[in-house]
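Undergrad: Sequence:
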Amino acid sequence: MSMRVEVYGCKDCKGALGMESGAITDLQLRASSEYNSRHSVLSGRLNVEYQEGAWCAGTHVDNQWLQVDLLSRHRITGVATQGRTGRHRQWVTKYRLQYGDNGMNFQYYMEHGKTTHKDTVVAHDLNPPIRARYIRFRPKTHHGHMSMRAEVYGCKVDLILIHTVTYIATQGSLKKYSWVTSYYLEYSGDGRQWNEYKEADGSR
3 MSMRVEVYGC KDCKGALGME SGAITDLQLR ASSEYNSRHS VLSGRLNVEY QEGAWCAGTH
63 VDNQWLQVDL LSRHRITGVA TQGRTGRHRQ WVTKYRLQYG DNGMNFQYYM EHGKTTHKDT
123 VVAHDLNPPI RARYIRFRPK THHGHMSMRA EVYGCKVDLI LIHTVTYIAT QGSLKKYSWV
183 TSYYLEYSGD GRQWNEYKEA DGSR
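Note that the sequence shown covers residues 3 to 206 in this note's numbering.
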């Protein structure tokens, strides 16, 4: 019995998750290295001019990263990046995204992102979206210095508020020749009392 599921509805899932606004706290940010304390990951927030104007890696070796911990699993629909503000012409010209749920095991997203100028915000829609707690920006190439500011867009995976669900999609196992041929659909507003969904004609 194998199944994969998606739920579709009216909730927009493209809001900024809080790098710029501060809703993502300093404790949720980590980096592989920092040039010094004034070039820390705390400066890696989109459009924020703090300390030296960006997170600046302490080295240019290939395994550098800026990590955002969203504290719970989210549906990530986009990211945005920009370079270092001020007189320094420094930005990441190409990066890759990694994502994971436990902070230790990460996998790469299939596409590359890029930044084109130190202050220009470059947004990148993720299609398909990512479902994860942790997001890592992994710079690959840079101009001047490996310097970056970033934002993450999406929404929490659980619906939290009552939504109008318009349709659902299901799929069988990716690796095994197995799938669910029929199922019942139930819904609830409180997670305790559940109602069975029926079509307008009364059929299941």
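Since the hints were derived computationally from the structure, they do not count as laboratory data.
Note that beta-carbon positions come from the ideal geometry of N, C-alpha and C, so glycine has one too.
Treat each hint with caution, since some may be false.
Pair by pair, the computed Cβ-Cβ distance ranges are [as the list claims (entries may be wrong)]:
hint, residue 1, residue 2, range
1, Gln-195, Gly-20, 15 to 21 Å
2, Lys-200, Ser-74, 31 to 37 Å
3, Gly-20, Gly-146, 26 to 32 Å
4, Tyr-185, Glu-51, 48 to 54 Å
5, Thr-27, Tyr-199, 36 to 42 Å
Undergrad: Taking the hints in turn, state whether each one holds.
TA: Structure-based check of each hint:
1. For the pair Gln-195 and Gly-20, the supplied restraint of 15 to 21 Å is violated, since their beta-carbon distance comes to about 33 Å.
2. The given range of 31 to 37 Å is respected by Lys-200 and Ser-74, whose C-beta atoms sit roughly 32 Å from each other.
3. The beta-carbon spacing between Gly-20 and Gly-146, approximately 28 Å, falls within the hinted interval of 26 to 32 Å.
4. Between Tyr-185 and Glu-51 the Cβ separation comes to about 52 Å, which falls inside the hinted range of 48 to 54 Å.
5. At about 39 Å, the CB distance of Thr-27 to Tyr-199 agrees with the hint of 36 to 42 Å.
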